[in-house]
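Asker: Chains as they are written, first to last, in the working numbering: chain A, 1 to 511; chain B, 1 to 400.
Note that these hints are calculated values from the structure, not bench results. Misleading hints may appear alongside valid ones.
What the hints assert, rightly or not - Calculated cross-link-like contacts (lysine to aspartate or glutamate; reagent style EDC-like; alpha-carbon spacing at most 20 Å):
(1) Lys140/B - Glu150/B
(2) Lys140/B - Glu272/B
(3) Lys452/A - Glu150/B
(4) Lys34/B - Glu59/A
(5) Lys146/B - Glu59/A
(6) Lys433/A - Glu150/B
(7) Lys79/A - Glu59/A
As the list claims (entries may be wrong) - Computed footprint of chain B on chain A, listed as stretches where at least three residues anywhere in the stretch have a Cβ under 8 Å from a Cβ of chain B:
(8) 260-272
(9) 360-370
(10) 489-499
Given the structure is predicted, the values throughout are model-derived calculations rather than measurements. No residue lacks a Cβ here, since even glycine has one placed at the ideal position from N, Cα and C.
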Amino acid sequence: MPGLKVSRRRFTPKSWISGSWISLSSKLATGTVIAIIVAVLLILLSGAVSYFWPRPIYEFWVERSGEAAVPVHGIIAGKENAADGSARLLIRSVTAAGDDPATPGTDRLPAADYVWLPETAVVQRSRPHHLTAMETRDGRWHWGYVVQLQVDGEILAYTGSLIDFSNQLLAADCAAQQHMINALRPARVADACSDAEFIDWRLLFEDAERRQVTVAGADILQLMQPNGAGLLDRIASFATHLVTFRSPNRYAPHHGQDIVAAIYGTVLMVLVMSLVVSPLGGLAAVYLHEYAGRGWLATVLRVAVNNLAGVPSIIYGVFGLGFFIHAVGGRFDQWFFADKLPVPTFGTGGLLWAAMTLALLTLPVVIVATEEALARIPRSLKEGGYALGATQSEAVRYLLWPLALPGLLTGMILAVARAAGEVAPLMLLGVVKQASSLPIDGNFPFLHLERKFMHLGYYLYDLAFRNTNLKEGLGLLFAVALLLVVVVLVLNLSAVFLRNRLYDRYRKLMS
Amino acid sequence: MQYYDRRTLLQGSECQFMTTPFPANTLRSRRQLKDRLFRHVVRTAGLAVLFAVVLIFAYLLFNAVPLLFGSGRLSLAGIFSTTGAGDAVWQPAAAGGDISVFNPRPLIVGTLKASLYALLFGVPLAFMTAIHLSYYASAKTRRRLKPAIEILEALPTVVLGFLAAVWLAPWLMNHLLHALMIGVALALLPPLTASLNIGRGFPVGLMIIAIPVAAAAGFWAAEWLESLLFDRGVAYWLQTNRVVSYSMLNALVVGAVLGISAVPAMFSIAEEALSGVPRHLINGAMAVGANRWQTLSRVVLPVAASGLLAALLIGFGRVAGETMIVLMASGNTPLSDWGPFSGFRSLSATLALELPETSVNGFHFQLLFFLALLLFVTVFILNSVAELIRHRLRTRYRAW
């Protein structure tokens, strides 16, 4: 055959090596991408877990320049290697150097803070089983030993173990014991007590520098002996702190409420957005697939939808700020809220405008998913409808729409996932780091669409930016990031699941 | 359940009654009125979407126009003047407009710089992954790994930005040499395994084990090298010897994370183009004796090249407009230099930071709208061109 040349040297070393190289490089790239995904998830997970996991408390014996060694109690928060090879530990502790010394006569201990401890100064370190971490109602953490226990002024025999103490309390009083157990291991509260009356229990607490204070049981939030705790107790403590979004190792007064408010704001915004985007996206998809045909309008619309998907999200924010807030919202204020001017009502960032803008942003997602579902419905179905005399709208509404509805739902889930993770446009549209009031409350009209709101993604951004002391907030950041990722991934996976179910259904319909 | 042969029904030319089931001049029954109404509602929705896109463009333009054709406070040439390096400064003052200097050049340079570094990281990863999954990998591997890459797509960028700023940036500052050595070790992996003649049966699963091993080897090599050459790390050495100033939040950090965030978008388009290459072309090449590498380099890649270009354009549009990663990890200093170790400030980050605090319809406000318009138009053109390329490629594939 003329023209067809079969090379005799098919496997030249050069081509083989380069071929093998590209094959392996492409494998390497794939592996790297997968490894990066796994690494990101693992980093988030480990950071978040370490935030909620009770860490051991150490007793350091520290020798400072010739003086006798003194004990220091604390949690190791980090370690740093200096240039000269010496290491220093960052510990969270109460030391004499703290600027809040205990005043005699008042029952207060100094607040915990982070201190650097040169490793050479640490003569000895240990993890005594009965070393106790105490969180009091004023939000302070203390580390030390429980020296003495009193119930109704009577001193109990005490072995040092809190569990032992809680058992003793059971004999004395059920409610006090329950409080104790609550403080000890909040996950394992048994509702065994019935008509117990409150009795006064106190404990004498001694910190590393032998300062003693008497603390009333009612003032104690948590008592922990993490060094002596078994694995089950640690897991229980972890689970409790995970649910309440509090760390067992540090004090974070408002974060729990803030996170609830942020989740609340995110969910509400996404709901309002869904109300706007689902009818619009669904109908637009029906138009594109059933009515638009192949004319120039359809082409333009398709190009528009595709491009809408590619527009950077910040551009939506700019548009929302200019159009919704200043133009539309400003008019709204002039017409309906003129008495409140110059204080803007709708003329400033708020829930409604954020939801509207994100509806615009997620519109392509919904349209594409719905249209895909419509395209997969067998034509025979519609044709059968026509054959029976249905009008086009009847065929669409009664035959196609019920089948395309899961497609719309898939699109909605994807849109919600996208909106939950989107932060950039919201920064221009009224998201705040700390909302004074929630968008839903008991006052008429209950749903306040003009209010500013909190958002989980923005909360993460704000924490990451605001935190000057990264050591303090890093765990919380990881926890919030993981929460956001989990929400988004669960939504995405459910969308994928739904889509697969839908396709199975069409396949059955076709056979 | 089939009551008729669908094929015969579909084969004939599309009957008139299928597209418009009823002639327009029949009796107007209630049902037909409903039909019309529904059609109008649906069309309105479709047009509303179109209207929204036009509105975005028109509104940005509307707000930026006074700046360009208004009282003439600044001309375009003035804004983008590159004459004196000292003039190219973006310095909006918080109060008192007199000392504000607005020259968006540093912002544009910052955006391009972020895009450049991101594409440097992202394009090889995305394209190589696409080549592997569409050309080398088995159908099973493809089915398993594609959803994993979609997970990356779903990750919120604020989380990636947080990891870049809080985790990667401090690590990189102390482990610059380590990062370099890990890269070298990974780059050595393919030729090493190729020369060991275990190329064929080397599954991706094994690669996932090999990557951490190679990374660890690179890390230890760097530990050793650093203890040998530098006593306090490379970043410190660079700083003290005035070679280059190293800022913790820099283009390298942004580039790596931004590039990774753009991988799924580029991957899916590149993969679509590569796996769409007609089977008979590949089979033909194989039949005349080309091996897999020759088939890939002489047939598959040239045929799908325009699709890869489309992926590149989409990726560029994606990273140029991305906000959160750049905002959190770039340091937001408006500098006009291209070095990998310095921070920068991008257009998108500037919009997010400054627009909420400017006075409405002031000069600064209008300028920011103009910059938004610039970004929008750029990305719009990139996406449109990419879409056109993809469309033509699909048509060509169908024709083959």
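Asker: So, for every hint listed, does it hold in this structure?
Answerer: The hints, checked one at a time:
no.: 1; hint: Lys140/B - Glu150/B; verdict: holds (16 Å)
no.: 2; hint: Lys140/B - Glu272/B; verdict: holds (17 Å)
no.: 3; hint: Lys452/A - Glu150/B; verdict: violated (33 Å)
no.: 4; hint: Lys34/B - Glu59/A; verdict: violated (81 Å)
no.: 5; hint: Lys146/B - Glu59/A; verdict: violated (51 Å)
no.: 6; hint: Lys433/A - Glu150/B; verdict: violated (30 Å)
no.: 7; hint: Lys79/A - Glu59/A; verdict: holds (16 Å)
no.: 8; hint: 260-272; verdict: violated (count 0)
no.: 9; hint: 360-370; verdict: holds (count 3)
no.: 10; hint: 489-499; verdict: holds (count 3)
When the structure is compared with the earlier hints, violations turn up for hints 3, 4, 5, 6, 8 and for no others.
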